[in-house]
Amino acid sequence: KAGVTQTPRYLIKTRGQQVTLSCSPISGHRSVSWYQQTPGQGLQFLFEYFSETQRNKGNFPGRFSGRQFSNSRSEMNVSTLELGDSALYLCASSTQREYNTGELFFGEGSRLTVL
Amino acid sequence: LAKTTQPISMDSYEGQEVNITCSHNNIATNDYITWYQQFPSQGPRFIIQGYKTKVTNEVASLFIPADRKSSTLSLPRVSLSDTAVYYCLVSDQTGANNLFFGTGTRLTVIP
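From first to last, the protein sequence lines are chains W and X.
For the first sequence, my numbering begins at 11 and goes up steadily by one.
For the second sequence, my numbering begins at 970 and goes up steadily by one.
Rather than coming from a laboratory, the hints here were simulated on the basis of the structure.
Computed from a predicted model, the values in this text were never measured in an experiment.
It is possible that some hints are incorrect.
To be verified - Derived pair list, reagent style BS3-like, types lysine-lysine, alpha-carbon separation capped at 25 Å: (1) X/Lys1038 with X/Lys972; (2) X/Lys1023 with X/Lys972; (3) W/Lys67 with X/Lys1038; (4) X/Lys1021 with X/Lys1038; (5) X/Lys972 with X/Lys1021; (6) X/Lys972 with W/Lys67.
What the hints assert, rightly or not - Listing some non-contacts, in silico: residues in chain X with all C-beta distances to chain W over 12 Å: (7) Gln975; (8) Tyr982; (9) Gly984; (10) Asn988; (11) Asn994; (12) Asn995; (13) Pro1013; (14) Thr1022; (15) Ser1030; (16) Pro1034; (17) Leu1049; (18) Leu1058; (19) Thr1077.
Unchecked claim - Now the in silico label distances, taken between C-beta atoms and shown as ranges: (20) X/Pro1045 with W/Gln64: 38 to 48 Å; (21) W/Ser61 with X/Arg1046: 24 to 34 Å; (22) W/Gln51 with X/Asn994: 16 to 26 Å; (23) X/Gln985 with W/Phe79: 46 to 56 Å; (24) X/Ile1079 with W/Thr63: 46 to 56 Å; (25) X/Pro1045 with W/Gln51: 27 to 37 Å; (26) X/Ser1050 with W/Ser61: 36 to 46 Å; (27) W/Thr105 with X/Asn999: 29 to 39 Å; (28) W/Pro49 with X/Thr990: 21 to 31 Å.
Quick reminder that beta carbons are idealized off the backbone N, C-alpha and C, glycines included.
Chain W with its partners taken away, still in its complex shape (with noise of 0.2 Å):
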């Protein structure tokens, strides 16, 4: 069974731009949920969605989004980037109905830099 897939796992980006992440959820998985990881802030919860409707968002500006498709793969973006979104950003899926019960599997993440 393959694991969650996110997809870059590393981008450059240029203050200002914007940038789209995608995460492809363990096949029957309808809970995606995104993460954002710094050396300073640790691991700090976006967003979750949940039959491509968001049941939960974390503390974070606007300029962070988020969507989920019918066939649960989920995208989100962040647009006029700056410095400080330099970020690993990780996504997880799970079947639970029930956020913050059973068990989330994470992908390896998405590495962005912005400069």
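Mind docking chain X on chain W? Use the hints.
Chain X only, in chain W's frame:
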């Protein structure tokens, strides 16, 4: 907002039992406490999840006191391959349905 606190780092010799505690004063009433392990350049990996008292699986135990304001991950007889960062994950009680990872504990297992 929920605040989850963990020790920054711990060292242990191979074969010893390691206990890592996470403080989560504002955990949501109906939410679970989950622990993850992360190796460099990889996403976190699920270790164990519990709601109250004690949970045990093939790799760890999780102890949760009655007030649920903290939890302790117990790793029996650690090996060098257990060297990693360990995170607890809880939810916020304010109703914002926010998930909060702990600050992470870097465990180093010494031969």
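Practice problem: Tell me, in ascending order, the numbers of any earlier hints that this structure violates. | Solution: 7, 13, 18, 21, 27
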